[in-house]
Amino acid sequence: MSAPKKPKGGREVEKGVLEKARSFPWGPGLKPLKRRTFLRGAVGGAAIGLALPTLDAMLGPSGAHADGTTAGPIFGVFFWANGLPWHAGMGGETAGVTYPDLWTPTATGAGFAPSELLMPLARHRVSVVTGLEPKTEVPPNPPGQSDGHMRGFMVAMTGDRIRPEGFDHPSHTLTALRPTLDQYVARHAEFYGDQPSRFRSVQIGISEARFHDYGHWNAISYNGPDSLNLPILRPTQLHDQLFSVPDDLVALGRRARMMDAVMDDARALQTQLGARDRARLDEHLTHLSEIQRRLDLAAATCETPARPVDSGDVTAKLDAMSELLAIALRCNLTRVFSLMLTSPATTHVFSNLGVTDGLHKTCHDGLWDRVRVTQAHQMELFARFLDVLAGTTEPTGTTLLDRCAIWGTSEYSEGWKHGTSEMPVVIAGGACGGLRTGVHAREPRGNLCKAQLTLLRSIGLSEASWGWNGGETSDVFGELLG
Amino acid sequence: MYALVVHALRTLLRLSLLLTLAGSLACSGSIDGPTGEPRDDDPLDPIDRLPEYAPGGPVLARLTGDQYRNTLVDLLGSPLPAFELEPDTAPYLFFHIGAASTTLSERGAQLYEEAAQKAVEAVLADAARRASVLGCEPTAPGDACLRSVVESFGRRAFRRPLSEAEISRWLDASTEAAEGDAGRATQLLLSAMLQAPSFLYRVEVGEADPANEGRRRYTSHEMAARLSYLLWNTTPDAELLAAADRNELVTDEGVFEHAARLLDDARARRATQQFFAQYLDLRRLDHVERDVARYPGWTETMTRSMRSEIELVVDDLVFRRDADVRELFGAPRTFVNAELAALYGIDAPGASDVAFVPYEFDASSPRAGVLTTGAFLAMNAHPTETSPTLRGKFVRERVLCQTVPPPPDNVNLDLSDPSGTPRTLRERLEQHRRNPECAACHADIDPPGMLFEHFDSVGVWREEEAGGPVDSSGDLDGVPLDDARDLAIVLAEDPRVPACMVKQLFRHASGRLEVASEARALRALTEHFEASGYRFRELLLTLATSEAFRTVAPVEPVGAEVEE
Numbered sequence: 001m002s003a004p005k006k007p008k009g010g011r012e013v014e015k016g017v018l019e020k021a022r023s024f025p026w027g028p029g030l031k032p033l034k035r036r037t038f039l040r041g042a043v044g045g046a047a048i049g050l051a052l053p054t055l056d057a058m059l060g061p062s063g064a065h066a067d068g069t070t071a072g073p074i075f076g077v078f079f080w081a082n083g084l085p086w087h088a089g090m091g092g093e094t095a096g097v098t099y100p101d102l103w104t105p106t107a108t109g110a111g112f113a114p115s116e117l118l119m120p121l122a123r124h125r126v127s128v129v130t131g132l133e134p135k136t137e138v139p140p141n142p143p144g145q146s147d148g149h150m151r152g153f154m155v156a157m158t159g160d161r162i163r164p165e166g167f168d169h170p171s172h173t174l175t176a177l178r179p180t181l182d183q184y185v186a187r188h189a190e191f192y193g194d195q196p197s198r199f200r201s202v203q204i205g206i207s208e209a210r211f212h213d214y215g216h217w218n219a220i221s222y223n224g225p226d227s228l229n230l231p232i233l234r235p236t237q238l239h240d241q242l243f244s245v246p247d248d249l250v251a252l253g254r255r256a257r258m259m260d261a262v263m264d265d266a267r268a269l270q271t272q273l274g275a276r277d278r279a280r281l282d283e284h285l286t287h288l289s290e291i292q293r294r295l296d297l298a299a300a301t302c303e304t305p306a307r308p309v310d311s312g313d314v315t316a317k318l319d320a321m322s323e324l325l326a327i328a329l330r331c332n333l334t335r336v337f338s339l340m341l342t343s344p345a346t347t348h349v350f351s352n353l354g355v356t357d358g359l360h361k362t363c364h365d366g367l368w369d370r371v372r373v374t375q376a377h378q379m380e381l382f383a384r385f386l387d388v389l390a391g392t393t394e395p396t397g398t399t400l401l402d403r404c405a406i407w408g409t410s411e412y413s414e415g416w417k418h419g420t421s422e423m424p425v426v427i428a429g430g431a432c433g434g435l436r437t438g439v440h441a442r443e444p445r446g447n448l449c450k451a452q453l454t455l456l457r458s459i460g461l462s463e464a465s466w467g468w469n470g471g472e473t474s475d476v477f478g479e480l481l482g
Numbered sequence: 001m002y003a004l005v006v007h008a009l010r011t012l013l014r015l016s017l018l019l020t021l022a023g024s025l026a027c028s029g030s031i032d033g034p035t036g037e038p039r040d041d042d043p044l045d046p047i048d049r050l051p052e053y054a055p056g057g058p059v060l061a062r063l064t065g066d067q068y069r070n071t072l073v074d075l076l077g078s079p080l081p082a083f084e085l086e087p088d089t090a091p092y093l094f095f096h097i098g099a100a101s102t103t104l105s106e107r108g109a110q111l112y113e114e115a116a117q118k119a120v121e122a123v124l125a126d127a128a129r130r131a132s133v134l135g136c137e138p139t140a141p142g143d144a145c146l147r148s149v150v151e152s153f154g155r156r157a158f159r160r161p162l163s164e165a166e167i168s169r170w171l172d173a174s175t176e177a178a179e180g181d182a183g184r185a186t187q188l189l190l191s192a193m194l195q196a197p198s199f200l201y202r203v204e205v206g207e208a209d210p211a212n213e214g215r216r217r218y219t220s221h222e223m224a225a226r227l228s229y230l231l232w233n234t235t236p237d238a239e240l241l242a243a244a245d246r247n248e249l250v251t252d253e254g255v256f257e258h259a260a261r262l263l264d265d266a267r268a269r270r271a272t273q274q275f276f277a278q279y280l281d282l283r284r285l286d287h288v289e290r291d292v293a294r295y296p297g298w299t300e301t302m303t304r305s306m307r308s309e310i311e312l313v314v315d316d317l318v319f320r321r322d323a324d325v326r327e328l329f330g331a332p333r334t335f336v337n338a339e340l341a342a343l344y345g346i347d348a349p350g351a352s353d354v355a356f357v358p359y360e361f362d363a364s365s366p367r368a369g370v371l372t373t374g375a376f377l378a379m380n381a382h383p384t385e386t387s388p389t390l391r392g393k394f395v396r397e398r399v400l401c402q403t404v405p406p407p408p409d410n411v412n413l414d415l416s417d418p419s420g421t422p423r424t425l426r427e428r429l430e431q432h433r434r435n436p437e438c439a440a441c442h443a444d445i446d447p448p449g450m451l452f453e454h455f456d457s458v459g460v461w462r463e464e465e466a467g468g469p470v471d472s473s474g475d476l477d478g479v480p481l482d483d484a485r486d487l488a489i490v491l492a493e494d495p496r497v498p499a500c501m502v503k504q505l506f507r508h509a510s511g512r513l514e515v516a517s518e519a520r521a522l523r524a525l526t527e528h529f530e531a532s533g534y535r536f537r538e539l540l541l542t543l544a545t546s547e548a549f550r551t552v553a554p555v556e557p558v559g560a561e562v563e564e
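Respectively, the protein sequence lines represent chains A and B. For the first sequence, my numbering assigns the number 482 to the last residue and increments by one with no breaks. For the second sequence, my numbering assigns the number 564 to the last residue and increments by one with no breaks.
What the hints contain is simulated information worked out from the structure, not anything from laboratory work. Glycine is no exception: its CB is placed at the ideal position from the N, C-alpha and C atoms. Hints should not be assumed to be uniformly reliable.
[As the list claims (entries may be wrong)] Beta-carbon label-pair distances, calculated as ranges:
(1) A:Glu137 to B:Glu463: 45 to 53 Å
(2) A:Pro246 to B:Arg246: 42 to 50 Å
(3) B:Val292 to A:Asp282: 47 to 55 Å
(4) A:Gly193 to B:Asp265: 49 to 57 Å
(5) A:Glu137 to B:Thr299: 49 to 57 Å
[Claimed, not checked] To spell it out: a stretch of chain B is covered by chain A in this simulated footprint if at least three of its residues, at any positions, have a beta carbon under 8 Å from a beta carbon of chain A; those stretches are:
(6) 319-331
(7) 432-446
[Stated by the list, open to error] Which residues of chain A face chain B? A few of them, derived with a C-beta cut under 10 Å, are:
(8) Ile291
(9) Val476
(10) Gly478
Chain A with its partners taken away, still in its complex shape (with noise of 0.2 Å):
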């Protein structure tokens, strides 16, 4: 009691942010080379447009920095499309038939035993958390803003509501009314801090299938209304974003410098502009910094993997998509990622399992039978791509899926109905030590809200509260954080 009063505020916050991150043992984050730091360390400039040093060989060979720290825990959500198989538990009991929970494994707690959906996942202990709901609430009108479509994928994805204006036009004018969990992480202060690396997040897709050409039929990243990353589909234009840096350096810091002139062009601008307007250069701007900071960062690429082949197939996307990431994450070129499996209602024909019409009609026509074996299939493709990142082992001997929080998840919990109880929540990864692993964690009409808190928390941000309009929810899941 008797010491010096301080200011209530950010700083006490701050410092208590501060305190937490070096008490993690991945501490506050790697400091990204920056181009200019390389080209001191070539001999007179001469190593310009020859093959780049790799980043391990700049951090030691150890891979760790001289305090023992890694690159932080890495972010990511994995989407897939329509939910889970109906039971009765969702409310899907009909015409005298029950079908069985494929889901929700028998005990809680750790070591649980898998269920049969969950039987591909626990080869890397993913956790799940069963029984919850989004508690967010919807006006009555336009009616349908509380189906799964629009209330379960804004709620699993940003916590919040959709924007009610537009839907229920022909084309559906979905939109978010704030980022969605990856984007809300990547421009978080207390994520990168004030050293993002050189992408603060990549968007990545799979199918290309897609029932609407607007909103989150075809993306499930915003940054706010109207303000999409559509994912990158396709392997080659993945390895390009991520690899291709030309060999002149020089030449990139003349573009970033150059860069200066387009921004004071957007500033001069916004001058004319009304306020919506004047908020999209506004972000445009920021894009431009960021690309800008890129550019000049070009030089710290640890590896470039060869370029890969198009591929219509999903199984040899995913593959080839799943390596790149993995590679870029071990270079530390971002550490927050969202790959859509496929995107909400999907229309993706799984021919390959005998299914003959689209997902979404699958799921309309009652036939739980075929929707079973593509959620099972769906999950099989989840834990293939967790294989990547549980077999990608960093010089300090943990592998990138230690280093991972992810959030998987749907857009409802089954398809036949759009219902939204009994959401499928699937945590894997071990956050650098700030999650525990293999545990089944159910609260029966829980908020799903709560699961996402326990996320955020777990990769090290000091939310004390999470979810809006009614989901607000302070409270997290402790049996999964570590």
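With the hints as your guide, set chain B onto chain A.
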């Protein structure tokens, strides 16, 4: 691999086929407008009942992908190296609305940076093109030649003259970044200007109209861009820019003269196709795939042929014949290649894989108008069966501009079919009519959709379904009809069809939805359209010269929305 259903309308699929609904639902058949927006007038109301015209607000349109590519070719010549851009989005069905309302992503901004570098590099490496783009050869950063490049290339790229301050700013920045090399300065300068917001976005905020107090009109330079991007889908040419410099595009005569000139150019045909492709939602064809085992005539190239057919019909109607555009829905004239002729079961001499020939369906044929083409029929069907609901919804929403509300929440979707006997889609859809909650909307959607039941999921004529004869009877607004051909005849005379076309064109042209105070202007356009014999080329000209396209509300002041 991605055998896809058309990415059909969500509501539809929820409602469609085997599903029944519970909950109350009023299906008013209201005229299309988003939530909270004022609903439009009845197209048959007299014009003087409508409120006095007042313009809608300005939008900040980013160039669409097509506009960016066309513009780059106009500025730099062709060919240009391939580059990737962020895909356009089409909220409210139109790319121009997406370009004027969505926010560019970071990757989108990066792709612009890379595209500009690549294109400029290719052009500067070619001596002839370099000379033609630059007009002089710079010898040092910041020299007189580069100053003239900023001035002249900047004027073309930004579609307006640059201020002295702007010229100095661009020149100084390139001098600083180029570190003494004139070639580098040129590359940096051009590629920076081609990713500048002044290039990527069209700032059109208007000026006070001296002849009309309290009214704002678009400036001549803004009008040059508006005309050019509407009618050509690319940047103004030298003549149009010169007219803007002379401030000729604020007068009726000036706008008319240039709009007419632009419409006479082949580029107007290309741009018009862009509109029709969005109005008819042809993009969805890209996602249509069918199993050849189920549909033996199906080919890899079929959706492309289907799209070409529509493009040829539109071009024939609007430009070659300058005819009544309502023929789009009613006329028996079309264009087919060999695989479409096979699909339609017709003999079309001269048609080959690549050659399309005109074809006139005779009066006994079931086909007439775009709603009986493979494009419409396949786009609005599932991979294994037809969808009267999707087809009916297209008629309601796209052809008549009506809104079908989403179904209520917590629907009960009982799929049980204890009998196990095969039933036709019509029989299964009976549930929509028996259940009053479903019937509220499906009574509007399904009956016109049923008229297409003689056409299967790829558009092939069929006599039988589920072992029985096809019954394609239905109705439109209570008027009983036998089949799609009957519907074509009715639609060709329905006044809602041209009114809807005007509205959709206005949205495409303005990059936003109409506001209530623009209803009178839209009505006036519709009346002109009618008076011209529904000639679409005339509609484009009337729109381009109308006050609805030339006046604008003031910019909403920043901070006006702060109380939220």
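Broken hints, by number: 6, 7, 9 and 10
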